[in-house]
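All residue numbers for the sequence shown refer to the UniProt record's numbering, where the first residue is 1 and numbers rise by one.
The hints are simulated quantities; they were obtained by calculation from the structure and are not laboratory data. There could be a bad hint or two in this list.
[Said to hold, decoys possible] Label pairs and their computed distance ranges (CB to CB): (1) A61 - K83: 56 to 64 Å; (2) I88 - K36: 51 to 59 Å; (3) Q70 - A94: 34 to 42 Å; (4) T86 - R55: 36 to 44 Å; (5) K78 - R33: 48 to 56 Å; (6) G65 - H100: 29 to 37 Å; (7) S56 - K36: 16 to 24 Å; (8) K36 - F57: 33 to 41 Å; (9) T64 - F84: 18 to 26 Å; (10) A107 - R55: 24 to 32 Å; (11) R81 - D32: 32 to 40 Å; (12) I88 - S56: 36 to 44 Å; (13) G65 - R103: 32 to 40 Å.
C-beta atoms are modelled at their ideal positions from N, C-alpha and C, and glycine is treated no differently.
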Amino acid sequence: PHRVEATYYDDIYPMSKHGLRAENLPCFIPNDRSKKRLIQDTQDWHPRTGTTQSRSFRILAQLTGTDFMQDPDDENMKRAREKFLTEIQSPRYARLRDWHHERSARALNIKS
């Protein structure tokens, strides 16, 4: 029969006789440059003082395409709020709200 040499793991785990051995798997051992870069990157996770944003927040904005969005001005906010308040007082909104509440109650078996 084929004889397999004993390994370090055989001494530690004598009952473990499966075919997979972790000793042959590739392993990443960071060097000093990668450690330094990791430390610098984690420092950037913290927000800066004042009104500036952290680097990670800017990266997120770039990924989502919101990096050039502007804050809405007061006039646009006021118009949007007025439109919303007008719509929630309309008969159409009331019908939709009542329909939704009834459907939800039926789905939850509160109302038959």
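Point to revise | Structure versus earlier hints - violations, ascending order | key: 1, 8, 10, 11
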